[in-house]
Structure formats: C-alpha cells, structure tokens
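K.L.:
Starting from the structure of chain E, add chain X where the hints point.
As they're listed, the protein sequences go chains E and X. 274 is the number that the numbering used here gives to position 249 of the first sequence; each next residue is one higher, with no gaps. 573 is the number that the numbering used here gives to position 62 of the second sequence; each next residue is one higher, with no gaps.
Hints are supplied without guarantee of correctness; some may be wrong.
[Unchecked claim] Result set (BS3-like, lysine-lysine): computed pairs, CA atoms no more than 25 angstroms apart in a straight line: (1) Lys753/X - Lys69/E; (2) Lys678/X - Lys270/E; (3) Lys699/X - Lys69/E; (4) Lys820/X - Lys578/X; (5) Lys547/X - Lys565/X; (6) Lys95/E - Lys167/E; (7) Lys547/X - Lys588/X; (8) Lys753/X - Lys41/E; (9) Lys614/X - Lys841/X; (10) Lys38/E - Lys753/X; (11) Lys327/E - Lys439/E; (12) Lys678/X - Lys69/E; (13) Lys69/E - Lys672/X.
Hints in this document: simulated from the structure, not taken from any laboratory.
What follows is each chain in one-letter form.
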Amino acid sequence: MSAPHIPVLRQGKVHKSLDVQTIEKLGTDEPAAEISFACADMIKYDIARMGEAREKLRKMKSEDLIEITKKAGEIFLNDDLPIGVDGAMQSPEDYVLSLAATSGLPHALIRMNMQRLGGIFGQIEDIFQGLTRGLDIAVLDKGYGEQGGAPVSFSPTTNQLAVILPSNSPAVNALWIPSIAMKIPVLLKPGREEPWTPWRIIQAFIKAGCPAEAFSLYPTQHDGSGAIIRRAGRVMLFGDDSTVKQYENDPRIEVHGTGYSKFVIGEDEIENWKDYVDSMVESVSANSGRSCICTSTFVVPKYGDEIAEAIAERVAQIKPLAQDDPDAKLSGFANPKFAEWINEAVEDGLKSDGCRDVTANYREGERFHERDGMNYLQPTIIRCDSFDEPLALREFLFPFASVVECPQDEVLEKTGYSLVMTAVTKDIEWINQLFDCPHIERLNIGNIPTNRISWNQPHEGNLFEFLYTRRSFAIADSA
Amino acid sequence: MTTDEAKAQLDERVREIINWHFSEETGTPFWLDWMKDAGWDPREEVKGIDDIVKFDHFEDAWLRDEKNERFVPNAYKNRPFNVFETGGTTGLPKQRVGWDDYKHDYEQFSDQLSDEYFPKGGNWIMVGPTGPRRLRLAVEHLANHRGGSCYHVDLDPRWVKRLIGRKELDQVERYQAHVMAQAVEIIKHRDISCIFTTPRLLASIGERISIASHGIRGCFCGGTSMTPEYVRFLQEEVLENKALFVPTYGNTLMGLAVSLPEELPENDYSVTYYAPQPRAVLRIVDADDTAKTMDYGEYGRVELTTLTKEFFMPRFLERDEAIRRHPHDKYPWDGVGDVRPFGALTKKVIEGVY
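Chain X extracted, bound-state conformation:
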C-alpha cells in the first residue's frame, strides 16, 4: 500500500464512520444530540481526515460525566456491553463501552507479531493492570487467538500513583515486590513463551530471574514512555538479546499502535509507533494551535481520533508529546516517535513505577 492509498482508505473510513454515528438508524445518542446543538451535520461537511479539524477536541470529561448508554450506537442498542476504564487515580475514571473492538485490534496486532518470537500455541503471562481495563481481556484474547492460554498477575496502578504522590516509595517497592513474587512463581513453574507487561515491571522481573532462560521468547510491552537508552537496556540486558522486545503505544481509547522492533538497533533504539489505521489515527499537533500539524522531526502533542463503529472519538488530546515521523513502507502513514509525557521537560509528571 502506498501513502496515497492509505490516505484514500482512511478518508473512506472517516466518511463511513461519520455516516454511522450521525445517522438516526445506527447513530450514537451522544453524537446525535451533539449534532443538534452544534448546528452542522458532519455527514455533509466531513469528507475525509483533513476535515476532522472541523470538530473541536473530544473532551475526556464526557467519558466521566455522560451515562455510558449514551455512547451505545442505536445499531447495538440491545447488546450488553463491556465497560473499560482508564485513569481514575482519583475520582470517577473515564469509561468506554465496547463489544468486539478489542478483539479486532488485537487480532490485527497479532498479524504483526513474529511467529519465531511469539510462537503460535505458546502460553502467555500478563503482568500489569487488569481489573476494569480493556487490556485484561485483550491480552487474553491475543493469547487465545494465537492458540495459547494466558496467566495473569494484577497490579493496581491507581494505588501505585497514590503512593508515589505521597512519596511513599518504600511502599511502592514493597508492592512491586509483591507483584513480582507472583509473576516469578508463575514464570518459573509454567510453560510460558510470551509476556505482556510494562517496561518497569519487565526490568523488575529481570532483576529476579533470567527471563529468556525461563523460556520466554517474546515480550510485548506498553505503558509508560521509554527513552532509547531504556529500550536498549531492556532489549540487550533485561532480555539478554535472546527474547524480542516489542514496544507498543496504546490505551483503552485507541487500541494499539505498533512499532518496528526489528529495526530498533539501526535506529539507535528510538521507537516510532504507527496507529492502527484506519481504525485510529494519531496526529502530532502544535500544542498552542492544535489545528496545525507539526513538521516531520518536530515534537508536538499527540492527538488521537478513533474511528470504529463502536466508538467515534475525534481529536482527543493525549497527555503525551512525540516527534512526528515519516511513514514507513510497512505502515504508510505518519508515525509518532520518542513518546514522552506532555510537558515532560517543564513539569514533573507521575508516570508510575508500574
């Protein structure tokens, strides 16, 4: 696929999803009401991704304050839904309803995984936030989709963030050790070949055991930002260059942006992520003028647009910033590189130690 073909595919997707969510028959109550208040019909005015800036930014407060039923498309009216949460360290978390999106996202992701390092039929372990998160079901579905089963060890990031906020770092270490002890026991005593975890938990497991020597071949990682130095450390030292490190960038609202793990060494371990287009689009915008896309090679704030029949979310400003990177032959659309918390250079951000 060329970049032009990818753009055409995305424009077609935008029209399809706008039509779906803003039509009375299939549409979403929230967006139908929004259209009445806005006084314009996106079906008439949004003909492609370039027109998406006609929407203001999606406000995350809507996912807290609106009833979840208002985000159920009329087409899915009688289907019970999953509720997935994000945030929520204090107060009510953001919630997203869903049905099959996570399966589609992770099946699409599965196609990108190397069978050598993530063998079909191999069992998985997920060490990280489970509970009300989409990730919990998604990783298990990924394992099942690839013919394996999934073990889980839970970590509550909300509690960790509270501890860090209170500077109770000893407690953080003790809680992490508690989680690690569970993970290490499972890895030692079960046949596991793939792991999903966060970078810091991966390093923490690696402090206790040789991950590769216990049969793990592939590590799919997501969570906090990672500097190139940290990525190299995880690949070369924690995984001893014997297992493959696959960084991803994602959340409950987007799905999963993938990277090119095989190209990391030649790129000095600078990670570039590509959104799961056309299901979601990432754009690097000028933080002071968010209608403007940054030039390639420049840092800007990450803006997410999600385009599925289950969930339409235009122009959501993530809490991250990243470098706008050129399209890749494998993913012929813009990438986002060296993601870090928005304002990381000017303010202290709690990312958690999980």
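Same shape as in the complex, but just chain E:
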C-alpha cells in the first residue's frame, strides 16, 4: 500500500491542507504517510461551530448510538476501511503494519491493543451503566427521568470532547470511544506518529452509521494544540507531573498523567510471595510497560532482594525481537532520542549507592539496545534501599520498576499517589485503611495485576460526569 494522505477532518468533512508533513517508517527514509496539518485559527473557528455536530448526535436515540458503537467495534476489528483521500482501503492487517512502521510497537502488541479497543466498543452498555450508576440511557434522549426513585436530569457540559492523543499507546483511544454513545462529538488531535488508530476508529463509527459530523481530527502543531486546550469545552490530555499541575484547577481539563501504579504485598501474605511473581511480572511488563497502569514500584515488608531477583530473572527474558515476531513484547521508541534520555535518567539514578540494577545480571547486553534501526530499552528492575532513593518512585516508558522494602503501616505515608494499587493482603484493618486513602484511584485487593482494569468504573475521572452535569428540575402538572 502506498503512503496514504491523512487529511484533516472538520466535522467529518475531509480537508486536505497545504501544510503537509511526511512521517517515515522508523529506521528508513520511506514515507509511511502524508499528514495534513490544520492551522490553529481554523481549529478555533471549527470549535465555535461544534454545536452543529452536537445537534446531530442529540437528535439520535441513545439506544441507536449504543448499537452503532457495538457494530463499529466489529467493523474496527474485521473490516477493510477507507484510508486517506484517494479511495484506498485499509485491512486490519494493513492497520497493524502501518502502526508498527511509525510507532515501533511489535505486531503482537498492536493486535492485543486492537482486541482491547474492540472490547471497549462491545462493552459500551456496561460502561455506560457503570459510569452512570445504572442510569436509563434514554434519559439522555428526553433530558430527564428517574434513577433509584429520584428525579434526575443531566445537561451536557460541552459540545465536544477534545482529546490530545499521544503517539505511544493506541489503547488510550479507549478513553473517548464512549463519548459518542453519550451524544458528545469528539475532536481529536492525533500524536505525530499515530494517526492510524483514531482514523480507523472514526471510519468504523461512520461505516456503522454514526453521523460523520461527530468526528473532527486535527493533526496540528503546538499552537493548534494550544487552541484546542484553551477553547474546547472539555479536554483530555496526556502529560507529566508539570502538565497535571498546570491544569489542576481547570475543570474543563482532565490530564492523564504519570500513573505511579504500585503492587504491594501485606505482612500477612509476604511468606507466599512466590505465588505472586506471575502477577508482578505482568504488572510491570504488559503493553511493553508503556501504560500508566503498569506497576512502577513494588512495595514489600521483606524479601526485597529475593523478589527483585525473581522479577528480574523473568522480565529479562523479554527481549527486543523483530516487530513481526509473534513473541515480540518489547516496543521500540518512535522517537529514538527518548530511549537515550530515559537511559541516561536511569543511569543517573544508579549513581546512588542505594540503587542496584538487578536485571543487569540476567539480561543479554546493555539496557539500551539498537535493532532494525530502532532504539529499545530492555526491562529493568531496580532494588532500592528506601523511598529516598532517586529511582524508588519513578516511572518510565518501558518495563521499569523498583522494589522497595517498607513496613506495612508506613506504605500509605511513603508511596504517595497511585493511579492503580494492587494490595495482596487479607488484613481487613489494612484493607479498610487502603479503601479510605484518597491518593489511590483504583484499588485491587488480592492477586490482580495492576494493568487489568475495568472500563465500567472511573479511570482517571468519570467520563460521564466530565461530559454531563446533573441539574435539579421540576415540571408542573399542567406543562
């Protein structure tokens, strides 16, 4: 397939820009795609007109949008779909190859992420029920109704959900898919190396019968992203701690930041630690360690050295392989410099006497590895003497975690924020303390890998509550 031209989509209308950039297949000079770039002022104009797109969805029945979403999932997984502006079609396999070529993700990981995304479409009813605590979806058609015997009415907070997408993980598109069934159009800014997934999801929705006006796609520069962030009614974006801090008081903006997810073992279960190694390995290495729900710190009351060695021995078997190797689980870096910077940060941390790279004894070669024109970072487990060590609470974009010993009664005080915490314990008193802790977003009790989440519960915010606000109301009998 020749390199397609990915256009701007303005409420579903194709706009071929005069500002075109080419993205190459990683490690080559071969073009993978031409991308149309939108200018910031055009985006501002379009945001002002998003009411028209919202009106299209508002007029549709919610139950129809649910069915469209489910159908779109099947289409996303199985059908040939239009790609670019010249009438070319993209098979599911073409999608895998295109995304692999620009993102560095192994084919096996992309297929896994495809299935995850397909699952989101398919679970849309459960997701809606979970996020609304059982609301009859028809309330969104009528504007009001009853829930649990009480009158309820919801009004949208915005005419569009804008999402500034990253380049490193196709699964994050799961976050916006339910917005369509909630009757809120989406405005997507794709990552530079990853226009493929949002484009394919949009095409699947349109083929399934969703109005094209519900979808706007704006590849754009920094000023365009800035315009989206400042103008859109609701914005999801991804960033580091400084980005989170920057927008923490802006209710329009939901920042998906660093996860600092943790796997902790209680004093009552630590003697059984060998039973949990499989879960710990999955938690740190799933999705090539790229997700914010991957464990970055293991916290145990004792056996820190033994646990670190056990995890390290296993993750060191995850090696850079050819992208099309079915066993490939480690992703290369689309931006080769990132691998260098991250490796330097890890090496800086290791200068401290209290940090030791346990994986160094098990892996072949250095952490930083070049293969097929791409840079890789091999999995790394660091044994840290305490939480004061520089690598104890760090998160990187590859399978990386620290192992820290800490008395159980100090865990909550020492570990800070956790997007996901798995606590392997049966100690009811401690479990109650964990449930009471405001710094843990998702809490798994028992032997559950941190990367396994359910979409019918909030994930870094409740999408329904982000897009709708409850109002009080009354209707007179005579009305």
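P.N.:
Okay, now just chain X, sitting in the frame of chain E:
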C-alpha cells in the same frame, strides 16, 4: 519594464543615494563619520547594487545607540522629523527618523491596490500596532490618499510578547478580546470598506462577525509570517472569498513589499513578496556566507537594503528567512517567498499572537 531595465534603474538609484548620503553638502553625519573610519569612499567604489556587498551589514544596534540627529541628512538639517520605532519588547527600541518616505511608500503601494476591492473614497480601519510606529501614520495616509478616512484600534505588541514570554496565554486571549471588542464595534457601526490588520487579528475579528457582510471589501495585511494553508484559510474562510486578501511584508526600515493577491489561488497560496524597488531591495542570502545570494527556489536569510534620501541602510539582516523567487512581469526583480522567522525549523520564535 524588463529585468535588465529594472536592474539599470536600481544601479542608478544606488549611485544617487550613495552620492547623497556621503557628500558633505547633503550627507548624513553618521555615514560621513563612518566613511572617515572605514578609510574608503563608497562614491568611488559602489557603482551599482552588486557593489553593495562592499559594505558590512548594517547593525541594528546603531539605531538604538546613536542619537537620532546623526541620521538626519545635512540636506534636511532644519526640518523637524518623525521618529518611528520598531522592536522594543525589552529595552530601548530601534528608532528611525523620517519625513515623507512613508507617504511615498504608501502612495506607491496604493497604485497596486485594486479599486474594486479597495474603493476610492472608502473608509478604512486599522487594527494593530499604532503608537510610535510608522504604520500608524502610513495607513491613515493611505486611506486619505485614496479619498477616505481611517479609524484606529490600537494593540501593543510589546505587551503581547511579554505575556507570551511569561506563558500567560489567558491574558493574551483577554487582551486580544479587548482589542477585538473595540474593532467589532467600529466595523458594525461605521461605513468601512477596507481594513489593515495582522493575520491573527483578522481571523479573530472573523470569529466574531462576518467581515465581508459588514461591507469590508479589501484587507491589507502584514505582520507575522503566514503559511500557504493559513493564507488560504484567511481568504476562503475568514473573508469568505468575498473580500480580497492582500498580504504584504514590511517594516519601519523598509517600507512595503507587495504580493500578487490575484495569483494566490494558482500558486497554492504561497505568497511571494516584491520589494518596493528601487527604494528598497531584498536579497536572499546564504546565512553562513552572506555575501552569497542563494539560488532561486532555495531558502536563505532575508537581507534588506534601503535606498532613500531620508534613510540609507545597506545590508540589514532581517530576522526572517524566505525562498528566493524569480522576477515577475509586474515586478521584474527577485521576490521573496514563504517568509518565516529565521531559524523557525530549529528554534522557538515568539512572533506574537497579534
């Protein structure tokens, strides 16, 4: 006029202006002193534009550090002068003295404007930097010269740049909204057919009202760089293809380089500017060897030489880069295309949102 005739005209102009500024009777104190230090007489050695490289680059610090009186030609010794400023986001701005140049420049520009889109007798509005800038008087003179009056709404770009530098983007938007509110009120309630503004302010006005539906037929625009995509957006969407978008490239030191708005669609909205020769000359030079002119079609740094009796400024390196373009039948000398901030691809440049 052919390219050869244009070149001959320019060479003649170079000799005339060099003779003017380096002669004791009419010359400029700054250049007369410079000649003493330099140890060579430009009147002897600079016989045409090709010899201009015998001068080093004009340093913009001279326009900050020298007293303005040192740039007053002896021929104009007893005439009070205008002071026009450029830059000045921090510290003392660059200042240029002048008398009638801006009138000549804008009368020459007026001859290039379409009467259909910039009707004679029509009123103008200027939305953009006024204050100590030449543009303030120049646009009003243009309006008057064409038989109309000019309304003004001021925007202080120095403040905007400071806000951007401090990442106070909300403040930038609020300030812009304040400016826009004033502009929209005037456009709504006065008979205005022509506008001068900057690209981003034009787009911002267009967000609030239909510019064309309020009677504006022509938009003369200058300020920051514009990609072809942005130019198309302004012409087709902001002006709804009902008013004519006329991009220009200029500053206090040059005057106004014009474009060919009627040819923009066929050129995929890539804008080429032509300097107001022979009053000013633009050359695209190799940034690493500025004596060398780039080949046609190549990007290089923009070098400006200004050649008027009021102001001589050889080889000033602008903060922009552009593509060297071929002469045009209408303007038979080199053009500069797709202007962008110098080093735009390698560093972050604050151009302002104005």
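K.L.:
Check the structure against each numbered hint from earlier and tell me which ones fail, lowest number first.
P.N.:
Violated hints: none at all, because every hint is consistent with the structure.
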